[in-house]
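K.L.:
Letter by letter, the chains look like this.
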Amino acid sequence: MTVRGTAGIPAPARTAIPRPVHQPAPTPPGAALKSRRTSSWLTALRYVGLWLLVAFFLMPVYVLLVTAFKDPGDVTVTGIFALPSSFSLDNFTDVWPKLSNSFRNSLSLSIPASLLSSLLGCANGFVLAKVRFRYANVVFPLILFGIFVPYQAIVIPLAQTMTDLGLRGGADRTGGLAGLTLIHIIYGLPITTLIFRNYFVGLPDSLMESARLDGAGVLQTFLDVAVPLARPAFAVSIIWQFTASWNDFMFGAMMTTRESWPITVALNNVAGGQSIPFGQAMAGALLASLPTLAIYLLLGRFFLRGVLAGTLRDN
Amino acid sequence: MEGDWLHQPPEPVRRSARMRRVPGWLAGLGLMSPSLILVGVFIYGFIGWNVRVSFTSWQGLRPVYDFVWLDNYTALWNDARWRTDARNILVFTTVFVVGALALGFLMALLLEKGARGEAFYRGVFLFPMAISFIATAIVWRWLLDNGSGADTAGLNKLFADLGLGFLRSDWHKSDSSWAIAAVALPAGWALSGYVMALFLAGMRAIPNTFRESARIDGASEWQVLWYVMRPALRPVTFSAVLILIHISLKTFDLIYALDQGNLKIDTPSLYMWFTTFDGGFYDRGATIATVLLIGVALIIGPYIRYWLRTERR
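Protein chains in written order, with the UniProt record's numbering: chain A, 1 to 315; chain B, 1 to 313.
It should be emphasised that the hints constitute simulated quantities derived from the structure, not laboratory data. Worth double-checking, as some hints may not be accurate.
[Said to hold, decoys possible] From the derived model, a few chain A residues whose C-beta atoms are all more than 12 Å from chain B:
id, residue
1, T93
2, I111
3, A235
[Unchecked claim] Stretches of chain A that chain B covers, calculated by requiring three or more beta carbons in the stretch to come under 8 Å of a beta carbon on chain B:
id, segment
4, 48 to 54
5, 127 to 133
[Said to hold, decoys possible] Over 12 Å on every C-beta distance to chain A, these chain B residues come out as not near it, computed from the model:
id, residue
6, A80
7, T94
8, F166
9, L263
We put the CB at the ideal spot given by N, CA and C, even for glycine.
Start from the sequences, fold in the hints, and give me the full structure.
P.N.:
So this is what it looks like as structure tokens:
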């Protein structure tokens, strides 16, 4: 690994998906009329296609919303697409007591997990991009592969280890929550490392130069220069990691007791059975999705960058 | 020279009196060491441990570390449920990957020239990525519900109401051995926005001049698509296919919450979970997990190599 650091485009200026370039196409004179007619047809067709797709993507949301806000007596399987005849929050008030505890659990594990995983990932990314060490070209691909490892392949040893450490389920004071947080920190490391590494590769070395000339060592440069510079990458990494740990199901199901269930496990328990009133199932699904949806709506562009980073493509 | 860590390759430590600091590469390694240890133990150590378990006859809660050679692998090969699962995951992967790829490409193509309100469309297509598979499955299990026959529920009712009755289906509860293909519907709903984002970024990276010069030469829109866009998008397509295959092999939560215990939509990742943690067959669970890992590694290993090589250029 020799020269790192790319064309010198400051990464904050890079957007994940560039805007289209509007350029009036110079058309050959004879074709002008014909091409204008086809292009207006094509434009109309494009919008029809887009709206059909919007309908497909929002149809489940429509069903969820109309069902969740119906009066529980109004909710029927056959009336799944019918608008509510009355507006009611009863489904929410019925399902919330079954979810509130796990909602808090998920918050108390996802927040520290995303912060700590990002901080460690920042250190790794900085070292991999800006400090050369001998085996970096072996270490980096190995960390990368960690993003893709199916969790089934580590879950038996993980369950054993967590049991032996007394961190799993009822043996633990937190009912497994502490161990679950640790698990999310660890298995988040590959993706957070990649996010920061790609970010730092995009920063010109000159940004670190002055610290170096002042005689600052690696650690000091990391703390004083790299961490403050990496704010956009922190946004991507924390958002991505929060979403991942909030939405995790498998580790939560393996690690926790009923009182310490994360939201996904509680939701599956409440809404997964056939006997549950499905107005409550829909209200529960909505409640469980609110935090990540809110983040998505408010900070979507950072979310998108996290999405693309997970594909090893962010540029 | 001290402090020159930014540009120097790692050098042997020089023991001069002026050397007060640790050399840069060592400090760097120190900064990374917590993560290196954690990743080393919890990913690679555990993978090795799991492979070791796949060579034992461990059943029940108490670990057994004997050595039974490849017995578990041959048993799996002859296991009827495994064979069904292997077929299921093949069907699911094919339908899901082709479907999500086509849908994602279509969405990117429709947005590529810049639709008015593009951010809105993109937001709608991508938002399922922010939602857990559990919540997704809970909504879709009602949409894929048959009701009490006669198209009284879910999508079937919608189709009947719209005069599209010929589209009705028993979905994942169908008797057909293709029932698992129905799971591609919620999975595609959840993930084709991701494919769109990939393709859209890829399309926007093609210099506009390429397309314009083709048009000036009299190429039709289809020809531009086929001769300019298609070759330029090959790397993105390659990424998308491999990523989708690997996601498909790992799909767990979605099927678990959609209809757990329905063997028509059973897959290796679910079989592993149930046989290990409900059945106590750690030997078989570890074996399935190892096969799954090999499958993912065969897809992702070359992909990582390819990415690192293109990046270095």
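K.L.:
Compare the structure with each hint and give your call.
P.N.:
Structure-based check of all given hints:
1. T93: holds, 19 Å
2. I111: Non-interface label stands for A/I111: nearest chain B Cβ at 17 Å, farther than 12 Å.
3. A235: holds, 15 Å
4. 48 to 54: holds (count 4)
5. 127 to 133: Coverage by chain B holds here, the residue count being 6 at a Cβ distance below 8 Å.
6. A80: It holds; B/A80 is separated from chain A by about 20 Å at its closest Cβ, greater than 12 Å.
7. T94: holds, 19 Å
8. F166: holds, 18 Å
9. L263: Holds: least Cβ distance 17 Å, greater than 12 Å.
The structure agrees with every numbered hint stated previously.
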